[in-house]
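Trainee: So the sequences go chain by chain: A and B. Each residue of the first sequence is one higher than the one before, counting from 1 in this note's numbering. Each residue of the second sequence is one higher than the one before, counting from 1 in this note's numbering.
These are computed hints drawn from the structure, not numbers from a lab. A quick note: this is a predicted structure, and the numbers were derived from the prediction, not measured. We treat Cβ as the ideally placed atom computed from N, Cα and C, and that holds for glycine. It is possible that part of the hints are untrue.
A short list of chain A residues far from chain B (calculated; beta carbon distances all over 12 Å) [said to hold, decoys possible]: (1) Pro29; (2) Ala46; (3) Cys56; (4) Ser100; (5) Asp132; (6) Arg136; (7) Arg139; (8) Pro142; (9) Asp147.
Cβ-Cβ distance ranges computed for the label pairs, FRET-style [stated by the list, open to error]: (10) A/Glu59 / B/Asn28: 40 to 46 Å; (11) B/Lys99 / A/Arg68: 34 to 40 Å; (12) B/Leu94 / A/Arg152: 49 to 55 Å.
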Amino acid sequence: MKQPLRRLAAWLVVLGAGCSGLTTYPTGPGGNLAVQAQMDGGVRAALHIHRVDAQCRTEYQGTVPLDRPSVALGLPAGQTSYLVVTFDTSSFLGGSRSTSVGALVTPRAGDRYDLAVRYRDSIYDLALSESDPRSRQRRALPRLDLDACRPRG
Amino acid sequence: MTTRKTLQGPACALLALLAGCAVSYPQNAQEFREQAPGAMFGQKQTFEAKRPFREVAKTFRTKAPECLNVSVRTVSQTSNSYQNILAIYKPTVLVSAQKAELHVQRHFQSGVLVPGKEPEGGLYVLVADATPIDRNRTRVDLYGPTRGADALIRAVTGWATGENVGCPDMTKN
Chain A
1 MKQPLRRLAA
11 WLVVLGAGCS
21 GLTTYPTGPG
31 GNLAVQAQMD
41 GGVRAALHIH
51 RVDAQCRTEY
61 QGTVPLDRPS
71 VALGLPAGQT
81 SYLVVTFDTS
91 SFLGGSRSTS
101 VGALVTPRAG
111 DRYDLAVRYR
121 DSIYDLALSE
131 SDPRSRQRRA
141 LPRLDLDACR
151 PRG
Chain B
1 MTTRKTLQGP
11 ACALLALLAG
21 CAVSYPQNAQ
31 EFREQAPGAM
41 FGQKQTFEAK
51 RPFREVAKTF
61 RTKAPECLNV
71 SVRTVSQTSN
81 SYQNILAIYK
91 PTVLVSAQKA
101 ELHVQRHFQS
111 GVLVPGKEPE
121 GGLYVLVADA
131 TPIDRNRTRV
141 DLYGPTRGAD
151 ALIRAVTGWA
161 TGENVGCPDM
171 TKN
């Protein structure tokens, strides 16, 4: 590709990324949330993290594409977060389709969290669990949607 | 939970054709049970779940509100037309000592004109009845369409058998 075309393409990518409104949420080892994803081919999934304040208002924090089997990230302890997973599929006749599912979580300091995300044959599942590294006890957390949030104070 | 899908022309043409047919719809779950097996695109499936009736009923109670309280927006755009359809699904679970019923209804909030009288909550899409056979087995009768609700039927079957308790992608219905 010639230099001016490359520049143009680079600018289009930058512009496109800016227009999508999505921010990359930081990932890396050491986070308190481990996400495992199992997807059908052709399904694009992403995890969107929102901060939830005492009045149950959400503030978008960023997005993690679930394009790898596992990814780790950090959620602020003691702070309620609303995790939204979107599944995007598309086909020639079926067009593009998007389904989302959300879960509230308030991580406790020192605890670790696992989020298993699965999409197989048009059926999806989201399983969240909490474990205490000291006692090595793990418990499944019920999936609470945003309407389960109750304003405090 | 909100889902969104973008359909192409053929599916929209089918919706438009269906909207043109004035029919009388089942007004309650019992009428749906009576009419679905004999309807052109209706069916009744029966299977045995190797789980106690109490567990099947509990799974219906848990999963139906979690997975089926959804709205699906369908946007279709061609060079000379644009459609924006909002479908709202409503699950109902009724449990007694001898029977657990799951009803799924769909109401088109916008974009589709439903000819004829629509029951409160929307048109019936699926009815599932679970009844105990013995302490560890449950009979399940599923009434629904032969096409267009595959994901929903597979999900409800999974809830009954306990083999898959995921949620159906309602954009695929």
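Trainee: Does each hint hold? Answer for all of them.
Mentor: To see whether the hints hold, each was checked on the structure:
Taking the minimum C-beta to C-beta distance to chain B, about 29 Å, the non-interface status of proline 29 of chain A holds against the 12 Å cut. Here alanine 46 of chain A stays apart from chain B, with its beta-carbon at least about 14 Å from theirs, past the 12 Å limit. Against the 12 Å criterion, cysteine 56 of chain A stays outside the reach of chain B, whose nearest CB is about 16 Å from its own CB. Distance check for serine 100 of chain A against chain B: the nearest CB is about 6 Å away, which does not clear 12 Å, and the non-interface claim fails.
Distance check on aspartate 132 of chain A: its Cβ is at least 25 Å (rounded) from any Cβ of chain B, clearing the 12 Å threshold; non-interface status holds. Distance to chain B confirms arginine 136 of chain A as a non-interface residue, since its nearest Cβ pair spans about 26 Å, more than 12 Å. Listed as outside the interface, arginine 139 of chain A is consistent with that label: its C-beta sits roughly 17 Å from the nearest C-beta of chain B, beyond the 12 Å cut-off. Here proline 142 of chain A does not stay apart from chain B, with its beta-carbon only about 9 Å from theirs, under the 12 Å limit.
Against the 12 Å criterion, aspartate 147 of chain A falls within the reach of chain B, whose nearest CB is about 9 Å from its own CB. A hinted range of 40 to 46 Å holds for the C-beta pair glutamate 59 of chain A and asparagine 28 of chain B, which are about 44 Å apart. A C-beta distance of roughly 46 Å is found between lysine 99 of chain B and arginine 68 of chain A, which places it outside the suggested range of 34 to 40 Å. The hinted window of 49 to 55 Å between leucine 94 of chain B and arginine 152 of chain A is violated, with their beta carbons roughly 35 Å apart.
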